Amino acid sequence: MAEQHESALAEVRDDAASRKRFLKMIGGTGAAGALGILLAACGGDDEKDSGSGAASGTTSTATQKAETDNKGDIEIVNYALTLEYLEADFYQQAIDSGQIKDKAVGELATRIGANEQAHVEALIAAVKSLGGTPATKPMTKFEEVIAGGPDMILKTAATVENLGAAAYLGQAGRIQSKEILAAALSIHSVEARHAAALNSLVGRGFKGDAKLEGSIPDGPVAVPMSMDEVLKEVQPFIAS
Amino acid sequence: MNRSQLAAPELAAVEISGISRGAFIMRGAVAAGAVYGAGAVSPFVRQALAQEGGGDAEILNFALTLEYLEATYYERALKQVKGLSADTKKLATEIRDNEMAHVEGLMVAIKDLGGTPVKAPKVDFAGAYASEKSFLKLAVTLEDTGVSAYNGAAPGIESKDILAAAGGIVQVEARHAALVRLARGQTPSPEAFDRALEAEQVLEAVKPFVKS
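Protein sequences, first through last, are from chains A and B.
The numbering of the first sequence is numbering that gives the first Met the number 0, which starts it at 0 and goes up by one.
The numbering of the second sequence is numbering that gives the first Met the number 0, which starts it at 0 and goes up by one.
Derived from the structure by calculation, the hints contain no laboratory data.
Straight-line Cα separation of at most 27 Å, DSSO-like style, residue types lysine-lysine; simulated pairs:
1) A:Lys102 / B:Lys132
2) A:Lys231 / A:Lys206
3) B:Lys89 / A:Lys206
4) A:Lys210 / B:Lys89
5) B:Lys136 / A:Lys206
6) A:Lys64 / A:Lys136
Taking beta-carbon pairs under 7 Å as the criterion, some of the chain B residues facing chain A (in silico):
7) Ala100
8) Ala153
9) Val169
10) Val171
11) Ala195
None of these values were measured; they are calculated from a predicted model.
Idealized CB from N, CA, C, for every residue including glycine.
Let the hints inform the model, and build the full structure from the sequences given.
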């Protein structure tokens, strides 16, 4: 797989183009507030998953109204944002560590890291479009994995990508907004691509030997994971 | 999105013969229209949608047609492509088995919804079976198109259960896409966000292989 890697320049260009398309999909940065207001005006009254405070009085501004009405989706997008922050940070640290010597593997890690960073930026915009406040970047704990060398780094990446794909799949049916659903789907399949590529690269079979291992770990139909299940798996990598 | 942005623009030139367009044109296109703005839906598609009732069964029949196409592609490749490497043979076998499982699962789901599963289209992939290289090349196109087809159609699905199933399938299509891309020495994730194709665009992309 050494050949046919697009140049770094093409990568930036492509990522910028697809980011623009994504922003268009979720209503654009400029129209972001308007989308939230529109959704609110259309009367989303079925945020059953929202926890406390959803009905805390009528608010005076449209943004606050959007935030209340979109509470479920905001929570989901912020959850995805936290996972993407984690992934983006991991690839950044892995690349910065200089542990990955193989050129092709390094290029793949760089590309995947760039994808995750693009997801972070898009999800921040998505939360804002819903009238919410983007989650803050978590403090991460990848020191041990990175000190473990390239093999451990790539195996961890492969597992985390399977987790990411399962996490997105677990939320698809809970998303209220069609725009947010379309956006989540366009990320979900990219996480799946990362997962398959990395699991294959580290020599795991289609079905791996353990949970979250393998390039097609669940067979013909992928299995989703709930928020609780996913957060439990990523806990070791979160410092705060 | 114009023709040049299709997964395989070179495939979009052949005239369609025989397949029911009605079966392809469904709510997914409405969803795509909602996502990309009403201007993205052509008058033809709007007209077709007005005639077709839409519904989850039609979306699944659209998916079923693609899965038939894919399953047949790998099944025949395993018999016809000479000199496949052991790795490629293993991958093609796994993907074929997955696609066949998708066909069966979709047929059951369509019947559960009270619909009638479409028949397998007659297909011709002859040119792609000349070598391992040409086989992998079209495999990439088919898998990438499959991902975009599901991503485009899924927001139009009404049932949460059907949406979950479609999500579980598209994830596996994306995994196939990455693995055949790796086998070709291509980057597994060419873009940070996979595209969503409208049903009509998918139809255009695959029709060169459909004989009837």
